[in-house]
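Protein chains in written order, with the UniProt record's numbering: chain A, 1 to 255; chain B, 1 to 255.
To be clear, the hints were calculated from the coordinates, so they are not data collected in a lab. It cannot be assumed that every hint is accurate.
Identical copies carry no separate label here, and so any pair may be met within one copy or between two of them.
[To be verified] Calculated cross-link-like contacts (lysine-lysine; reagent style DSS-like; alpha-carbon spacing at most 30 Å):
(1) K250 to K219
(2) K154 to K250
(3) K250 to K109
(4) K69 to K162
(5) K202 to K69
(6) K145 to K109
(7) K202 to K109
(8) K154 to K69
(9) K219 to K202
(10) K159 to K145
(11) K56 to K109
(12) K250 to K69
(13) K154 to K56
(14) K219 to K58
(15) K219 to K154
(16) K58 to K109
(17) K162 to K250
(18) K219 to K56
Residues per chain, in single letters:
Number of protein chains: 2
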Amino acid sequence: MAAAQSSGGVERPISNILIVIAMQTEAQPVVNKFELIEDPHSPFPQGVPWVRYHGKYKDLNINLIWPGKDPISGVDSVGTISSALVTYAAIQALQPDLIINAGTAGGFKARGASVGDIFIASDCAFHDRRIPIPVFDLYGVGSRKAFETPNLVKELDLKVAKLSTGDSLDMTEQDESSITANDATVKDMEGAAVAYVADLLKVPAIFVKAVTDIIDGDKPTAEEFLQNLAAVTAALDLAVEKVVNFINGKSISEL
Amino acid sequence: MAAAQSSGGVERPISNILIVIAMQTEAQPVVNKFELIEDPHSPFPQGVPWVRYHGKYKDLNINLIWPGKDPISGVDSVGTISSALVTYAAIQALQPDLIINAGTAGGFKARGASVGDIFIASDCAFHDRRIPIPVFDLYGVGSRKAFETPNLVKELDLKVAKLSTGDSLDMTEQDESSITANDATVKDMEGAAVAYVADLLKVPAIFVKAVTDIIDGDKPTAEEFLQNLAAVTAALDLAVEKVVNFINGKSISEL
């Protein structure tokens, strides 16, 4: 919270927000909605594919960072390593007051998730970092509370649930056990990595996740994910817009 | 290679090396051997636990970066996210000519590995990033050639093999299939992440891995790992010393 507090202890309104989105399909509608423009002078070093979009919206400076296309394979740089790196580099370069990690996720219908649902994460943890040595096991899981936004979730009537993160789109038995142990309703490939970096650097972070596929349903994840990506991205985009409108003019402690 | 080439195209000797080591137990003997001292003015931002040791050894400036103790759990910050972050931040801050990622690893006896063996990685890839969508699957595996050092491996008579990286100390069936597909003899928790960042930023990187435990053996990995850690760390330390001595006075293309 420090970043958004004045030295006198009276909180000032949030002015600088950083939106981290892993896929171009997810990022582009948000870029369009807020009329963000791509920074021709990247704040990032030569060689990295990370793209910064920025603009002014109402009283907010918005930076949206997309990790870009992998230089070798040409696909979006999804997953924990890229999202950790861009979050780190963007915090250093842009000093945001608040981070919003937005993206699509898988959801468990047994825990109340449906395709198109928007969740705010209360907690983030990893489900594919198993280190069966005392204390290292807890480090591997890396469970962290997201920044709490009770007013935001009430006002926008958003679902709140725990998020579990791993670097695979599919789910093994061991992943499933860990996700259950993490008490998670939604599963993504970036959240806990963004939470880790934000926590190290003491920047409040919130997580807006839209369900593209039902993990405990009948359809293969990859197929359902691709089928629903465009429609769910529209729902995500709308949710991010509402979240940003709610944030505008408020201080961190009013969220 | 660009970093170690003069503008005239004539290569100068390597002067600045960055050693990335994930665990304190692995790092401390190397710090002692080269009489490195901890930098009291960290080049890294406030909040991160990353530790820089540095010193002059023969004609080389050596920086050794250890990701430090996790602020929450107090254990070494092992795994891909931490090692990617410190590699990124250290390249930015220290502009090394060459990166050496040194550490312990599991080995497959069926592929010729024994406890205490030292391997130089020819290739690095991930085994726990399964994304079953065309091209994303290749991005997930993220196979990369390490910088080739034919003279070094010949002179020091080191084994060369492929390395597979994942964020778990144990190995599931799916991990095993992916490790087999990666054609790997050694398995660690950092290598491919260091290789990814080094490749993005075009810094040559080599990987020195010492086998602490036999994955396809009878003993539980965690137990065997802890049992052999101290002894194997001594072998690793000796190998790193030989590698650094070999590097001293040579240009990148002479390795």
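Each hint tested on the structure:
Within a single copy, K250 and K219 get their C-alpha atoms no closer than 42 Å, and across copies no closer than 57 Å, so neither meets the 30 Å cut-off. Taking the shortest alpha-carbon separations for K154 and K250, only the intra-copy value of 15 Å comes in at or below 30 Å, while the best inter-copy value is 64 Å. Taking the shortest Cα distances, K250 and K109 never come within 30 Å of each other, neither inside one copy (34 Å) nor across copies (60 Å). Taking the closest pair of Cα atoms, K69 and K162 come within 30 Å of each other both inside a single copy (29 Å) and across two copies (26 Å).
Proximity of K202 and K69 under a CA criterion of 30 Å is satisfied in both settings, with 28 Å inside one chain copy and 17 Å between copies. For the homomeric pair K145 and K109, the shortest alpha-carbon distance inside one copy (23 Å) is at most 30 Å, but the shortest distance between copies (42 Å) is not. Taking the shortest Cα distances, K202 and K109 never come within 30 Å of each other, neither inside one copy (34 Å) nor across copies (45 Å). Proximity of K154 and K69 under a CA criterion of 30 Å is satisfied in neither setting, with 36 Å inside one chain copy and 38 Å between copies.
For the identical chains of this complex, K219 and K202 are neighbours neither inside a copy (39 Å) nor across copies (41 Å), given an alpha-carbon limit of 30 Å. When the C-alpha separation of K159 and K145 is checked against a cutoff of 30 Å, the pair qualifies only within one copy, where the shortest distance is 16 Å, while the shortest distance between copies is 45 Å. When the C-alpha separation of K56 and K109 is checked against a cutoff of 30 Å, the pair qualifies neither within a copy, at 38 Å, nor between copies, at 59 Å. Taking the shortest Cα distances, K250 and K69 never come within 30 Å of each other, neither inside one copy (34 Å) nor across copies (36 Å).
In this assembly of identical chains, the alpha carbons of K154 and K56 lie at most 30 Å apart only when taken from the same copy (26 Å versus 58 Å across copies). Neither within a single protomer nor between protomers do K219 and K58 lie at most 30 Å apart by alpha-carbon distance, with minima of 42 Å and 62 Å respectively. Proximity of K219 to K154 under the C-alpha cut-off of 30 Å is found in neither arrangement, the shortest distances being 33 Å within a copy and 52 Å between copies. In this homomeric assembly, K58 and K109 never come within 30 Å of each other (Cα to Cα): the closest approach is 37 Å inside a single copy and 63 Å across copies.
Only within a single protomer do K162 and K250 lie at most 30 Å apart by alpha-carbon distance; the minimum there is 25 Å, versus 53 Å between protomers. In this assembly of identical chains, the alpha carbons of K219 and K56 never lie at most 30 Å apart, being 41 Å within a copy and 59 Å across copies at closest.
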